[in-house]
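Trainee: Start from chain A and add chain B according to the hints.
In case you want the letters, here they are:
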Amino acid sequence: MSGGIDRRGFLGVTAGLAAGAALMPASSWARVRGANERIRLGVIGCGGQGRWHIGDYRRRADADNVVVTRVCDVYRRRLDQAVGMIGGTESAGTLDYREVLDSPEVDAVVIATPDHWHTKIAIDAMDAGKDVFCEKPLSLTIEQAIECRDAVKRTGRVFAVGPQRASDDLTWKARDAVSGGRIGRVVWSQGAVCRNSRDFQFNWGIDRDAGPDATGAGYVWWDRWLGWEHGLAEKIPWNPDHFFRFRKYFAYNGGVATDLMYHVLAPLLLAISGPDGEYPRRVVAAGGLYIQKDERDIPDTSMLMVDYPSEHTIVLVSVMTNDDTPPLVIRGQHGSMEFGEGLIVREQRPWFPEFRAANKEFLPDWGMVQDSRGRFVPDPPGGQMSYTIAREPRRDTNGNFLDAIRGEAPPNCNAELGCSTMVAIKMGVEAYRQNKVFTWDAEGERAVPS
Amino acid sequence: MLCVLPPFLHAGCATDPPTPTPESAAAASEVLTRYEFAQVHMGVECRITLYAPRREQAVEVAGRAFARIADLDAVLSDWRVESELNRLNDAAGGSALPVSEDLYRVLDLAWHAAEATGGAFDPTVGPVVRLWRQARRDGRLPTPDALAPAREAVGWRGIELVPESRSARLSRAGMRLDLGGIGKGYIADRVGDMLRSERVSRFLIDLGGDLLAGDPPPGRTGWTIQVQTGLGRSSALEAANAGVATSGDTAQYVEIDGVRYSHIVDPRTGLGLTDRIAATVIAPDATTADALASAVCVLGEAEGLALAERFPGVRVLIETAR
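Same order as they appear, the protein sequences are chains A and B.
Residue 196 in our numbering sits at position 196 of the first sequence, with consecutive numbering throughout.
To convert, count from 1 in the second sequence and add 1000; that's our numbering.
So here's chain A without its partners, still in its complex pose (with noise of 0.2 Å):
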């Protein structure tokens, strides 16, 4: 991938162009936000992790700014609840999106919905002018990943990913050790998301009286959800088990890879590779539907191994009947990085020298010993030596995506590092169904499989 090498470097000399003010586009003008400004926020998607967004904007309102002035969400019972939680009018909530982005009183918006409108929402968002926080997944599609992240480019509104993990702190430490040569080349790392429940992952609970016949609180636009009229997905009678839990299906997102793996694939890219992440050379797949035999057509049990350009590979794994969670490491030729309370950093015994070199600021003292056979020996002996990096608090996602709308910082996750993510997870989830490899086609930005 030597053309995203020279294109990397070509964004570095633009965006150094770009402090200088001069040559920044109008439209970049328009968004930045002054410090003393309020930020507006829409909320689109009022299930679980919408309001989990509400409730988070509320109590950050006064030390952020900030405040949610519209929701959205084509299921009324969701949507009389935030329109409560944000304490507004009838008029602060609306079951069609296009209100939000039309509102002049919204300057950005969170998309919280299932996965297959991410991207739509999010495109029609920032060409009305909207800066855009995205839940992770970024999309359903490679497709939609694409034209997401060329949307972002186009209109030049600030756009964020949401996996939490990219702002937590050790992620950065991380990418300090990795860019500083900490650990040598980084050859291969593992991430892992694990579950186990008594009633299968997903099986979120059902209102009876829920459904697009119903009257009041129970009515839903099922035809918007689905989406079909914009090609998101298949026009299907009324199925509650697929409203309410659209995890388990694959028409809506891709199970347990999409939801669970990029949360630890975003940020293990983020260290490894940098802030815009690095697309896949090749995916496998393994895994299947070993117990959690329900209507579902996702795996409980799933794998991928990413390869990338660069010269390294991504063990993912996300199992929802053992939750027995294998740690996030990262492995280089000099050394590894566990993540944990704080980040382990160990050495290797071979390279030994080198490692300490590398991190002789981290390391206590050490000498050399002589052994009986008049040999001189490191002490402690080489690949003994370790330390750890302590978590220090840090900008959290949401204040970060706030940092971004006033220009302060740019996002943790961008929409660069989110496509590149889905790109990897999407091939896998792929991989998984067609019982192939996957490889990408650089070039022309698209999975071949084998």
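Note that these hints are calculated values from the structure, not bench results.
Among the clues, some could well be false.
[Claimed, not checked] Here's a subset of chain A near chain B, in silico, CB distances under 7 Å, partners left out:
1) P353
2) G367
3) V437
4) D441
[What the hints assert, rightly or not] A few chain A residues that don't get close to chain B, going by computed Cβ distances all over 10 Å:
5) R98
6) A233
7) Q370
8) T388
Beta carbons: idealized from backbone N, C-alpha and C, even for Gly.
Mentor: Here is chain B on its own, set in the frame of chain A:
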């Protein structure tokens, strides 16, 4: 460029000792006399100064010491086509060869010294050293086409040692060991072992700049050693039961296109050093002093000192020039 200080500096290569000087160490049961011997080995003048009660013993022990030097040179020399070292070199990329105890031991020490110095000392630097020897003769830098494969062949991790069978293997074809950065130190240590086993503990072995000092002369706290680095300075230091080695910008250099290249090659780049630096290392043994002196020059002043600090009993004197 080191020599024992007067009054007993002995010119020439005669093996006869100078006039004995009776010692007056009251505590000693025997009166010790200083004897000094010199022979040329490995292309340098090798001097052995020792204290012994009788001239006959001194002559006999010195003779055996020089014989040991000659034997070890036959094992470790990369100049001698038929040396054991070169047999191993010629088998690079092939099977492991059983090797003598001395060759195995020096390779084991060299491997650990390479690891301890992060490869700044590297006994597999042979292929690029060959190119630089040629460059010094021709007054021309090695061509990139010649340098690239030579650099590829350098890498101490390619030395495979099997203690059970006391065998060694160079893992890649084209690898060549060059023990120039450790061999003389090793030989000095082994000669020192021999002298001590002969109950001669007060000695100074100087193998053309790589020294091993035994117990000090009677009534003294150490051997006074004059270090001359070729950077126009000289320093006197005192050492006992320690190895001393100087490495660096001596007379061995070549000037090509206005750049002065040292005969010391950085194993990591394959190029002769261009910084004018000389390092004298005092270590618990001569092998360590020898290997560290090269490594410190390669690493430069700051990194070199930081490296040396990790070694107990090691002191370093660094000189630099523009």
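Trainee: Determine for every hint whether it applies to the structure shown.
Mentor: Now the hints, each set against the structure:
1. Proximity of P353 (chain A) to chain B holds as hinted, the smallest CB-CB distance being about 3 Å (cut-off 7 Å).
2. Checking G367 (chain A) against chain B: minimum C-beta separation of about 5 Å stays under 7 Å; hint holds.
3. Look at V437 (chain A): its Cβ only gets to about 33 Å from chain B, farther than 7 Å, so that hint breaks.
4. Taking 7 Å as the C-beta contact cut-off toward chain B, the hint placing D441 (chain A) at the interface is violated, the least distance being around 33 Å.
5. Every beta carbon of chain B lies more than 10 Å from that of R98 (chain A), the smallest distance being close to 63 Å; the non-interface claim holds.
6. For A233 (chain A), the requirement that its beta carbon stay farther than 10 Å from each beta carbon of chain B is met, with the minimum near 56 Å.
7. Listed as outside the interface, Q370 (chain A) is inconsistent with that label: its C-beta sits roughly 7 Å from the nearest C-beta of chain B, within the 10 Å cut-off.
8. Annotated as non-interface, T388 (chain A) keeps its C-beta farther than 10 Å from every C-beta of chain B; the closest such distance is 23 Å.
Figure legend: structure checked against the earlier numbered hints; hints not met, in rising order: 3, 4 and 7.
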